[in-house]
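Generate coordinates for the entire structure from the input sequences, incorporating the hints supplied.
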Amino acid sequence: LPEDSRQPIRITADHATMDEGRGEAAYRGSVRITQGTLDVQGDTLTLKVDKEGALTTARTLGKPARYQQKTDPAKGPVVATADEILFDNVNSTVTLIGNAVLRQDAASFTGPRIVYSIARKQIEASGNGSQRVELVFPPQQREAGKPKATTGSSK
Amino acid sequence: MPSRPTWTRAPEMDIRPLLQTSIVLLAVGAFAYYGFGHDDGDGRTRAEHTGPDYIIAGMQGWQADEQGRPLRRFDGSELLHYAAGSAGPERFEMNAPDIRLYSDGKPGWHLTANQATSTDPGTDIWLEGRVVALRDASQGMPLRVETERLHANPRANRLDTPELVKITGPQGRMSGRGLTADLQSRTLQFNSAVEVLYAPSRR
Numbered sequence: 001l002p003e004d005s006r007q008p009i010r011i012t013a014d015h016a017t018m019d020e021g022r023g024e025a026a027y028r029g030s031v032r033i034t035q036g037t038l039d040v041q042g043d044t045l046t047l048k049v050d051k052e053g054a055l056t057t058a059r060t061l062g063k064p065a066r067y068q069q070k071t072d073p074a075k076g077p078v079v080a081t082a083d084e085i086l087f088d089n090v091n092s093t094v095t096l097i098g099n100a101v102l103r104q105d106a107a108s109f110t111g112p113r114i115v116y117s118i119a120r121k122q123i124e125a126s127g128n129g130s131q132r133v134e135l136v137f138p139p140q141q142r143e144a145g146k147p148k149a150t151t152g153s154s155k
Numbered sequence: 156m157p158s159r160p161t162w163t164r165a166p167e168m169d170i171r172p173l174l175q176t177s178i179v180l181l182a183v184g185a186f187a188y189y190g191f192g193h194d195d196g197d198g199r200t201r202a203e204h205t206g207p208d209y210i211i212a213g214m215q216g217w218q219a220d221e222q223g224r225p226l227r228r229f230d231g232s233e234l235l236h237y238a239a240g241s242a243g244p245e246r247f248e249m250n251a252p253d254i255r256l257y258s259d260g261k262p263g264w265h266l267t268a269n270q271a272t273s274t275d276p277g278t279d280i281w282l283e284g285r286v287v288a289l290r291d292a293s294q295g296m297p298l299r300v301e302t303e304r305l306h307a308n309p310r311a312n313r314l315d316t317p318e319l320v321k322i323t324g325p326q327g328r329m330s331g332r333g334l335t336a337d338l339q340s341r342t343l344q345f346n347s348a349v350e351v352l353y354a355p356s357r358r
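Sequence lines, in order, name chains L and S. Quick note on numbering: the first sequence equals residues 1 to 155 in this note's numbering. Quick note on numbering: the second sequence equals residues 156 to 358 in this note's numbering.
Mixed in with the good hints, there may be bad ones.
[Unchecked claim] Below 30 angstroms or equal to it, Euclidean Cα-Cα: the simulated DSBU-like pairs (lysine-lysine) are:
id	chain 1	residue 1	chain 2	residue 2
1	S	261	L	48
2	L	48	L	63
3	S	321	L	51
4	S	321	L	48
Because the hints were derived from the structure by calculation, they are not lab data.
Right, dumping it as structure tokens:
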């Protein structure tokens, strides 16, 4: 949600190494990052910050790595899994790399690489030589209350 | 004709106070060494101490680098010295230690605790009891490190502890159990139970 980015980022892990000179922090072991409705889990996480200490990228690896976030109050959360999840805080994009699956309500995208723009709510899925992209959209729901078509005539 | 520039002599650094402090310390050390129980050359120690063989109350010590710039400063309410003997190696204990580490003459870290124990003040100091280490803003983001026990190796610029550690800074706070910090390369490592809370970025 828009207010997610104004929430503190909480990270828990088994082990952490921080290199202030290079602006990098590496976390290992049951890694979890939460910020408002954002919830990312994986085996390792590498954070990069700029000179002012603001987060620029967060790269999570897992078997699989998991991402979940509510991006639209009217819809269900976006739920994704992939071998690698790269969160770009500057461009507000989430890139799923390797066995990528992204779902929201009944719609789903699968493929080797999916880029999801949180700000623009756009999805770009691309295949490669060995794996194509697959999109599944649920049939349009009929408006509630409309009489169903019946077979045969009424007397 | 342009007027000749007038050069004024830069005031030399007055190191007489530093020399006086060093002389006083040497005198105290010599008095303590020869005054109380020492090995007088024939292998017999005049008195096998189990307690401290000398105590200095209200201590302040400076150590400078080759250019005479401050390197370390030790303040304490009391310094107890235990001579090497059957009880163990030579040992220093300091109550209410207040240790300042300098980097290129500038304040670096400021460490305080209930007590400090050391067998070699240059490389091996254990701080115990409400240990607080503050990093000066001249060295990077100001940080506050809190733990119950911290081992300092001033010569190698390293801090480490097996205990729970909390670090607070302008970006947020982090905690973990078991820490190793290299002050020179500005890297630190938590060994377990890591929790970090970053303040929201101002983007």
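Now the hints, each set against the structure:
1. A hinted pair counts as satisfied when its Cα atoms are at most 30 angstroms apart, and residue 261 (chain S) with residue 48 (chain L) qualifies at roughly 28 angstroms.
2. Only pairs whose Cα atoms come within 30 angstroms are accepted, and residue 48 (chain L) paired with residue 63 (chain L) is accepted, the gap being roughly 22 angstroms.
3. For a cut-off of 30 angstroms, the pair hint linking residue 321 (chain S) to residue 51 (chain L) stands: about 23 angstroms separates their Cα positions.
4. Straight-line distance between C-alpha atoms of residue 321 (chain S) and residue 48 (chain L) comes to about 21 angstroms, which keeps the hinted pair within the 30 angstroms bound.
Hint compliance for this structure: every hint is met.
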